[in-house]
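Chain by chain, the residues:
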Amino acid sequence: MPTPVITATDLTKKYKDFAAVDGISFEVAPGESFGLLGPNGAGKSTTMRMVGAVSTRTSGSLNILGLDPDEHGPEIRSQLGVVPQADNLDQELRVRDNLIVYGRYFGIPRSILATKADELLEFAQLSDRAKAKVDDLSGGMKRRLTIARALVNDPRILLLDEPTTGLDPQARHILWDRLFRLKEQGTTLVLTTHYMDEAEQLCDRLVVVDKGTIMAEGSPASLIRDHSSREVLEVRFGSDRNAIVAEKIKDAGDRVEVLPDRILVYSANGEAELTKMTDAGLEPITSLVRRSSLEDVFLRLTGRSLIE
Amino acid sequence: MTDADRGSSVSRPHDENLVTGEISMGSIRHIALAGGIRPRRWGSWYIAEHRILGMRAYLQTIIATSIGNPLVYLFALGVGLAALVPQGIENGDATVSYLAFVAPALLATAAVTVAAEEATYPFMMGFKWNPIFYAMNAAPISGNQIANGMFIAILARILPTTVIYFLIMVGFGAVPSALGFLGILTASFTGLAIATIVASYTSTIEEDKGQMAMIMRFGITPMFLFSGTFFPLTQLPVFLQWIGWISPLWHGTELGRVLAYGLDEPAWLTAVHVVFLAALVIVGWKRTQLAVTRRLNK
Numbered sequence: 001m002p003t004p005v006i007t008a009t010d011l012t013k014k015y016k017d018f019a020a021v022d023g024i025s026f027e028v029a030p031g032e033s034f035g036l037l038g039p040n041g042a043g044k045s046t047t048m049r050m051v052g053a054v055s056t057r058t059s060g061s062l063n064i065l066g067l068d069p070d071e072h073g074p075e076i077r078s079q080l081g082v083v084p085q086a087d088n089l090d091q092e093l094r095v096r097d098n099l100i101v102y103g104r105y106f107g108i109p110r111s112i113l114a115t116k117a118d119e120l121l122e123f124a125q126l127s128d129r130a131k132a133k134v135d136d137l138s139g140g141m142k143r144r145l146t147i148a149r150a151l152v153n154d155p156r157i158l159l160l161d162e163p164t165t166g167l168d169p170q171a172r173h174i175l176w177d178r179l180f181r182l183k184e185q186g187t188t189l190v191l192t193t194h195y196m197d198e199a200e201q202l203c204d205r206l207v208v209v210d211k212g213t214i215m216a217e218g219s220p221a222s223l224i225r226d227h228s229s230r231e232v233l234e235v236r237f238g239s240d241r242n243a244i245v246a247e248k249i250k251d252a253g254d255r256v257e258v259l260p261d262r263i264l265v266y267s268a269n270g271e272a273e274l275t276k277m278t279d280a281g282l283e284p285i286t287s288l289v290r291r292s293s294l295e296d297v298f299l300r301l302t303g304r305s306l307i308e
Numbered sequence: 001m002t003d004a005d006r007g008s009s010v011s012r013p014h015d016e017n018l019v020t021g022e023i024s025m026g027s028i029r030h031i032a033l034a035g036g037i038r039p040r041r042w043g044s045w046y047i048a049e050h051r052i053l054g055m056r057a058y059l060q061t062i063i064a065t066s067i068g069n070p071l072v073y074l075f076a077l078g079v080g081l082a083a084l085v086p087q088g089i090e091n092g093d094a095t096v097s098y099l100a101f102v103a104p105a106l107l108a109t110a111a112v113t114v115a116a117e118e119a120t121y122p123f124m125m126g127f128k129w130n131p132i133f134y135a136m137n138a139a140p141i142s143g144n145q146i147a148n149g150m151f152i153a154i155l156a157r158i159l160p161t162t163v164i165y166f167l168i169m170v171g172f173g174a175v176p177s178a179l180g181f182l183g184i185l186t187a188s189f190t191g192l193a194i195a196t197i198v199a200s201y202t203s204t205i206e207e208d209k210g211q212m213a214m215i216m217r218f219g220i221t222p223m224f225l226f227s228g229t230f231f232p233l234t235q236l237p238v239f240l241q242w243i244g245w246i247s248p249l250w251h252g253t254e255l256g257r258v259l260a261y262g263l264d265e266p267a268w269l270t271a272v273h274v275v276f277l278a279a280l281v282i283v284g285w286k287r288t289q290l291a292v293t294r295r296l297n298k
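Read top to bottom, the protein sequences are chains P and H.
The end of the first sequence is residue 308 by the numbering used here, with every number in the run present.
The end of the second sequence is residue 298 by the numbering used here, with every number in the run present.
These aren't lab readings, by the way, just hints derived from the structure by calculation.
Hints should not be assumed to be uniformly reliable.
To be verified - Straight-line C-alpha distance at most 30 Å; calculated BS3-like pairs for lysine-lysine:
1. H:Lys298 to P:Lys131
2. H:Lys286 to P:Lys16
3. H:Lys209 to P:Lys16
4. H:Lys286 to P:Lys142
5. H:Lys286 to P:Lys133
6. P:Lys211 to H:Lys128
7. P:Lys250 to H:Lys286
8. P:Lys211 to H:Lys298
9. H:Lys286 to P:Lys14
10. H:Lys209 to P:Lys14
11. H:Lys128 to P:Lys131
12. H:Lys209 to H:Lys286
13. H:Lys209 to H:Lys128
Note that the structure is a prediction, hence the values are computed from the model and not measured.
The shape of chain H in the complex, shown without the other chains:
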């Protein structure tokens, strides 16, 4: 055997025994059963690990937008537009500055934008353009774990985005309450709600005929405009307010406002925000798991 031959052979300790029949089928069965333990337990995390590694491909864009977005938006709206609203926004008997009013909404919006981005193209890619979901599934990873891993990875991208956003908000003096930092969690949770709902749909798209652009244009953008982001929802005519009520962004924004400056709203409504978002996460997550599993098993 030459060195080249030695170098190009792959060490495979079990095969010699397998051929000579020294390992019984019972032992092979046991080895296989043991081989499933770690993937069953940790599979979702392996997928998240993979996906986060994949995000390195556009890491510079991620960093640039994470820092650039809050600077631009807070400056334009919180400082620029706020000059037109010097009296601030009513909050019960008091008022709150326009900057403090708009900042939690922008924070939630940032999370939602990242979530929508990560729940559209990466899913379409995984099934179609760069079909790694099939490769994952050919290894001991289930459809459910693929969905879980994708959502963990999305959260891993949302969290630093919201942390950076929040720090810049603090820098702008936009967070009056000490509890404001919890807005990082509510904004991220809002992002997760959007991610799960969007992914439950994108997982079923066989052919991209512009559906994903539609999600952004007719889903995410109008939601941004009609979720009490720039003005309280009550300013809208009653027949348009329902858009806010069913909008995850509105619920997330209002939660952020409760935490950032003590938005004056009944406690039950705050509870509704939490329950609504949690329900979306549960339904969207489950539906995505089902869609991914169904699509892989053909």
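Here chain P stands alone, though its shape is the one from the complex:
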């Protein structure tokens, strides 16, 4: 691996006695797309703020682009693009002005910013909204503008905290497309998400985080391979019967998970498990065979669902 652009070792952030981030270690290579996957409150955003050099760590070491954020916060931030969880565009300014004003923070001259802003608006598919008020943009447009703003300084690392939370499916896909282009251009992406499809789409490698610690690390495919089966059979027998049936099929497949509304059977061959079940006289109300996802990995690792 080339020299990492981010190296965190035993990174910890405590608020009084509560450890929001409890000694996590990871490295991110240049050009890599790295994800932190975990439920709300897992410590992802806190980690992002420390990596973003705006939140001081309690202990551990952190090195970004060869610099320590405690001493070189502004220098590190001059090379980062940050897309926060909640949009913080300036609603008093027009769309294009938001980009120009933000570019000034990096010391970029206005003459360069004028061209840059137009280029970014095109990238974000917002050229026709350049003079619009931020308030008049849809959620997806605001998100794209926030990403465009984060690119104004040609960042070496782009930090995205829950980039598509709250967006409709179409807006999410447009955004993924834009992020994918950046990834193709070689931008290092670090993103947090609690959507496993997003992590699977965008991340080369990710860590599963829960309660401030790292539960597992690897590529989406390797995490699924290591912590789950190839397929999953989902069956529903009705909420009052699920538990009774689960007892009868507890040895099915590699493993059985009982959720409040359904039973998951982990197996290399979901169809075969379903046939066995029906042969035994157990007829589910609904059944579905699907490939394993990161959601299953998370369930396996923590015993909890990602979105609760």
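Got chain P; can you put chain H on it based on the hints?
Then chain H, alone, in the frame of chain P:
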């Protein structure tokens, strides 16, 4: 590659090298160190620039109040109320017209009102309603620079307000002394003192439960009434005069009077006015920097 693709890609000269490893970490470190130079040096001014641009959103209100306020107040008090005080106000062995007496107070009040306005909602907004302070801080701008930039922008709004006010005062014949124009600076400085003290508090407000309305109603308005604005502070019973002594507005008003018509007061007292206001600016500014920095670093 289609034209559309070309158009939507962002030029990023360094990345190709970064991926192929042609740029060493040492070079990247140097580039980052260089990237911090301008923001460290000019960051406060960038914030001021941003904030002044934001004021364009309510520019019409700013212009209307800057011109309307002095006209209304000077006419009502300096001309209307002054008719009830034909003998004027004592100033040592002489007297001064009520218009000349009240005008410096109104000038300082105008600065204080603008300052209080800009030190309340914009700070609350920056942290909460339209949290741009976090966006600024995610760029290479520090909490201290955000506070500095906000105060520079507040001054940039106060100064034209006081200049316009002063010109209208001159138009009303309310400035007997040639040194009166310096009152623009003392009034603005008084405004800055209020801005820094108020902002050091508003920067800490997590939830607006009416605190800002309280600042206006129980802070700024009573200060306006008890700072020797309409009558000399000595007219108040002694047990109420302390309100004036701790009021930045009183100190600012008295300074303005010294300059506008040569208020008869000992030199040491004039010095106290300056020192008092300067102390407030220093303490308020520093405390605001601390509050903003602390709040951003969570």
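Checklist entry - Failing hints, ascending? => result When the structure is compared with the hints, numbers 1, 4, 5, 7 turn out to be violated.
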